[in-house]
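With the hints as extra help, turn the sequences into a complete structure.
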Amino acid sequence: DAGVIQSPRHEVTEMGQEVTLRCKPISGHNSLFWYRQTMMRGLELLIYFNNNVPIDDSGMPEDRFSAKMPNASFSTLKIQPSEPRDSAVYFCASTKSRGRNTEAFFGQGTRLTVV
Amino acid sequence: RKEVEQDPGPFNVPEGATVAFNCTYSNSASQSFFWYRQDCRKEPKLLMSVYSSGNEDGRFTAQLNRASQYISLLIRDSKLSDSATYLCVVNIPPPDSWGKLQFGAGTQVVVTP
Chain A
1 DAGVIQSPRH
11 EVTEMGQEVT
21 LRCKPISGHN
31 SLFWYRQTMM
41 RGLELLIYFN
51 NNVPIDDSGM
61 PEDRFSAKMP
71 NASFSTLKIQ
81 PSEPRDSAVY
91 FCASTKSRGR
101 NTEAFFGQGT
111 RLTVV
Chain B
1 RKEVEQDPGP
11 FNVPEGATVA
21 FNCTYSNSAS
31 QSFFWYRQDC
41 RKEPKLLMSV
51 YSSGNEDGRF
61 TAQLNRASQY
71 ISLLIRDSKL
81 SDSATYLCVV
91 NIPPPDSWGK
101 LQFGAGTQVV
111 VTP
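Taken in sequence, the protein lines are chains A and B.
So the first sequence is numbered by my numbering: it starts at 1 and just counts up by one.
So the second sequence is numbered by my numbering: it starts at 1 and just counts up by one.
These aren't lab readings, by the way, just hints derived from the structure by calculation.
Hints may contain errors.
Straight-line alpha carbon distances no greater than 30 Å define the calculated DSSO-like cross-link-like pairs of lysine-lysine that follow [as the list claims (entries may be wrong)]:
id, chain 1, residue 1, chain 2, residue 2
1, A, Lys-68, A, Lys-96
2, B, Lys-45, B, Lys-2
3, B, Lys-2, A, Lys-96
4, B, Lys-79, A, Lys-68
5, A, Lys-78, B, Lys-45
One-sided excerpt, in silico: chain A residues whose CB lies under 8 Å from chain B [as the list claims (entries may be wrong)]:
id, residue
6, Ser-31
7, Phe-33
8, Phe-65
9, Thr-95
10, Glu-103
11, Ala-104
12, Gln-108
Restraint-style ranges between C-beta atoms, simulated for each label pair [unchecked claim]:
id, chain 1, residue 1, chain 2, residue 2, range
13, A, Arg-41, B, Gln-69, 20 to 28 Å
14, A, Pro-84, B, Lys-2, 31 to 39 Å
15, A, Ala-2, B, Glu-3, 37 to 45 Å
16, A, Met-15, B, Ser-52, 45 to 53 Å
17, A, Asn-51, B, Pro-14, 42 to 50 Å
18, A, Thr-76, B, Lys-45, 23 to 31 Å
19, B, Asp-7, A, Arg-111, 23 to 31 Å
20, B, Gly-16, A, Arg-41, 28 to 36 Å
21, B, Ala-17, A, Arg-41, 41 to 49 Å
22, B, Gly-16, A, Ile-5, 33 to 41 Å
Beta carbons: idealized from backbone N, C-alpha and C, even for Gly.
Structure follows, in structure tokens:
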């Protein structure tokens, strides 16, 4: 299995531009998480899906952020318009929910720089 | 108050020594607990799950104290390769049982020769 695949690995964009981050979870996993990591705030949960349905988006910082999961094998996180304070590493993780013990597998992350 | 809190460290540990650190969680409904390891500029990876009775995996020992709402990780005979950030993770299930994995900010461990 290729694991969780994220793209792009690195993104540099200008303030005000739209940014789309992509994630392909591990086949058969039914939960997907988007996290953002910065030195100041650590790893923050932005949103998570179960069976393609958004369950909790309380961590999404503001309306500029949106996430979709049109099918079990693909999810996107969009920032529009982007701002310099959005610069961070964005991780996608997936799990196969099997009751209480849910190991999350992470993608390699997208390092976003907004200038 | 954060749902999961950790001492950020760094814990500077001589090679061969033992180091231990805790993580506290605020939601008493939390059901599952994990320690993840994150190397610099890499993604987090599962180190071990934490069971109610405590559990060991080689040089690593994890404990859970539900009454005081904390988990701990102990590393014996530290190796240089143990240098990393250790993330405490709590599974917070809403009523419909979908797991919400909440991460602490991490504890940095630096093992020195």
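Status of each hint after checking the structure:
no., hint, verdict
1, A/Lys-68 - A/Lys-96, "holds (19 Å)"
2, B/Lys-45 - B/Lys-2, "holds (22 Å)"
3, B/Lys-2 - A/Lys-96, "holds (26 Å)"
4, B/Lys-79 - A/Lys-68, "violated (42 Å)"
5, A/Lys-78 - B/Lys-45, "holds (25 Å)"
6, Ser-31, "holds (7 Å)"
7, Phe-33, "holds (6 Å)"
8, Phe-65, "violated (18 Å)"
9, Thr-95, "holds (7 Å)"
10, Glu-103, "holds (5 Å)"
11, Ala-104, "holds (6 Å)"
12, Gln-108, "holds (5 Å)"
13, A/Arg-41 - B/Gln-69: 20 to 28 Å, "holds (22 Å)"
14, A/Pro-84 - B/Lys-2: 31 to 39 Å, "violated (25 Å)"
15, A/Ala-2 - B/Glu-3: 37 to 45 Å, "violated (32 Å)"
16, A/Met-15 - B/Ser-52: 45 to 53 Å, "holds (49 Å)"
17, A/Asn-51 - B/Pro-14: 42 to 50 Å, "holds (48 Å)"
18, A/Thr-76 - B/Lys-45: 23 to 31 Å, "holds (24 Å)"
19, B/Asp-7 - A/Arg-111: 23 to 31 Å, "holds (27 Å)"
20, B/Gly-16 - A/Arg-41: 28 to 36 Å, "holds (34 Å)"
21, B/Ala-17 - A/Arg-41: 41 to 49 Å, "violated (31 Å)"
22, B/Gly-16 - A/Ile-5: 33 to 41 Å, "holds (39 Å)"
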